[in-house]
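*Asks:* Whenever a hint applies, use it, and build me the whole structure from the sequences.
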Amino acid sequence: MRLLLSGLLLLGCQPSHPKKVPDEVKLQLKWVHQAQFAGFYMAQEKGYYAKENIKITFLEGGQGINNALNVTSGKADFGVLSPEDILMKRSQGESLTSLAAIYRRSAVVFAAMADSGIVRPSDFKGKTVALRYEQKDFELQFYAMMKRLGLAVSKVKIVPYDPAYTGFYNSKVEVTPCYSTGGLIKMRQQGLKPNLIWPSDYGIHFYSDTLATMDKLISEKPDLVTRFLRASLRGWRDAIEEYRQAVAVTLKYSQIKDAQLQNAMMEAMLPLVHTGEDQIGWMKPEVWQGMYHILLEQKLLAKSFDVSQAYTLRFLKEIYGGKGK
Amino acid sequence: MKLAPKLTILFLLLSIVPIAIVGYLAYDNGRRTIVQETIDHLVSINIFKNNELIRWIENNKSDIEELAQRFLVRQYASVLAKHEAPDPAYHRAKGNIIEEHLKPRLKYGGFFELFLMCPRHGLISASTDEKQEGKYRDTYPYFIEGKSRTHIQGIYYSPSLEKPAMTISTPIKDKQGNLMGVVGGRLDLGELSKIIGLQTGTSPTEDTYLVNTFNFFVTEPRFAQDYALKKAVRTEGVDAGLSGKDGVGFYKNYRGEPVIGAYKWLPEFKICIITEVDQAEAFASVVHLAWVIAGIASAISIAVVFLGLFFARTITRPVRQLAEGAEEIGGGNLEHRVGTASKDKIGGLSRAFDRMSENLKAIMVSRDELEQRVRDRTAQLEAANKELEAFSYSVSHDLRAPLRAIDGFSRVIMEDYTGKLDAEGKRYLNIIRSNTQKMAQLIDDLLLFSRLGRQEIRISDIDMVKMAKTVSKELKPAAHERKTGFNINELPPFHGDQAMIRQVLINLPSNAVKFTRPKENATIEVGGCTDENENIYYVNDNGVEFDMQYVNKLFGVFQRLHSSEEFEGTGVGLAIVQRIIHRHGGKVWAEGKVGEGATFYFVLPRGMRDEG
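Note that the protein sequences, when read in sequence, are chains A and B. Just so you know, we're using the working numbering here: the first sequence kicks off at 1 and counts up by one. Just so you know, we're using the working numbering here: the second sequence kicks off at 1001 and counts up by one.
Because the hints were derived from the structure by calculation, they are not lab data.
Simulated restraints on C-beta separations: (1) A:171 / B:1245: 51 to 61 angstroms; (2) B:1270 / A:305: 33 to 43 angstroms; (3) A:248 / B:1245: 32 to 42 angstroms.
All C-beta atoms in this analysis are idealised placements derived from N, C-alpha and C, irrespective of residue type, glycine included.
*Replies:* See below:
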């Protein structure tokens, strides 16, 4: 019956509603294809973009690719960007706006060996901590956390960060930052059960991956923004609810066809995406405020500005009917 | 179709229809009752579990509130709130509150961690889990809300604990009502899962679980592990429950199994409680009921078939016997009797039938007796006839030998003793000889006559005209001296024994020749015509007539109307004619008028083919 009806509808409606040419949308990913972006793959695989009449192209990120620049330059329509990138670009005059926070908790965590006795930032005193020289998420959160707790960074011995954690494994490095969705999985695969120091436990709340676009697109094609966001969030909901399927879909895209690794990454990121509090993608002004202040403190912003311009709840409210919960 | 199966099927239909209706009504009623009972049971489980959940939370709430109101706890909390970490008083207070109040409380169960948060920034100043100390909870609802009243933060995933968590918090205030801290307790969700999942009966599929507004399992369902806050569930029941409804549904659950599910929205916790039972289990007793009803119906049907067959036989047996009896008697067996002991209408009919058979038999018997008597008489007569003929034949035959001897010796005497005999003697001898010859003729005629009685008739086509002409030529010499006219008219041809018919055509004209002798102008006319089924022939003469008074004696053996002196002859000729005509199935008669001569008629049936 339903089939018949839809058939009739198809027959009856096709001439009066000619299918529009799909809107071509390019999405700049934050890194190479991996489970981190599973929700976007799900939206594509399940036809949510097609349903919104969107033809999507994923632009891979990676070493040497300036994700934020690709969006501001118009090479990509949307970007999966870190909030600090958005805030910094905005302070430089670029009109980047965040639409939704996919990762509403930061995957940044500081690890110390289980037998090291290091369980909280105050224990860092006199210890070796690995950090990069550039000011990115690890460093941002580390300094913010130390400042928040009133701990002197000078008492900590900073050593270069090694993504292979060689120094950490042979105890030359006592504390290393890592992503709970990446490095931590590798450590645990090694059989380690490190003590974890989460910056969010010490008042440092950062979003990780947010979906952003230019103000121009928002003002010119708000409908396209809504459609794209709706399809993406629906894909993310499916990825969370059916994460095993999401892993399978991810393996179609990713270079690293390690199902076990992608699965572990997926499991680790589920609580970061779906916190059990609000709808997927939902953002809180106080968190943006907090992030802005940390960046300002660390003098990473070219100039101060109204942080509420860097994000908008307009589309989330439209999609979720105004409710975060 | 035969009567018995017809009646049986009728019986079956008459019984099955009400059985089917009653059976269906019973089944439907039973099914409704069972389903309603199942639904009531599921709904009551939800209410019961909801109460258990409230009781569990209330107990824990009052426990933590009691903790927050302890005098010493308030004292220590105020120390921790007013002093900084390096202060020895801070350390003492922290040690005391953990060792004397928080840790002892853990032993009573319910919580797996109890901690104290400072009013400033929500810093965890003391905790039963030492690793949690120093963390800030200023953004957490359980701290923000817990500052003013007892708060329960629903089930959420705690990244720092890396597991689902539920936290109750309550403020600690000094006598003046100033906030000294917030005490928090993390509830053991394993305990909640146990309470929710606890089986209320022996049902193998009953399954109760909680689902949050994001469609995620909050407690572990019965048939899965590690689902809490990791696995979403979207079923008809869950969606209905999450939309704020209380009710029951038939749908497929998270295992894809068809279930009856009761859902209830718990607004105070913003979660939905679901209790399901597999339809297979719920309907097992319905299926059982259906089987029982079907079994009873089948048993009754079988019984009805047997009863139907029995009654059908009782009714149809006499009818069938009657029909068979009629058949039997119609076939000729008059001895057959239906014989019945039953006193009903069919019994009466059977008895009437038997009486009819009896009467019929009596009639048939008397008829048969009569026929038999006729047959016997006929046989007797035939035997007597045959005997008589055999007798006359043998007599005739045997008489010829002595006759020849008499004639022979008479001639010997005439020839050898002619000299010794005088004329008178010779005359006597001649008389003897002529009489013996007459007797021989008589015997020959008798033999012929008797042979005609036994001789088989050989049928062939006879041209009567031709035969009459041939015979008339043979008779001419006898009629030679006189002027005798033979008129042979048309004679219809006939099928019969040629020799016998020829005898008729000799005897009748020669008879006519004989009796016309006194006439000067004798005329003999032979003619015939055809009738419907027979040929009529006549031989007419104008000779000596006979008195019609003696017409019956004409055709008798040795019957003579004239003396042998007047007309020669043995008196057998017409008897032979009559016998031949009779053997051909015909009739012969004569008519005569004084002065006008005589006419002999004979009629032969055309249809005759064979004597047998």
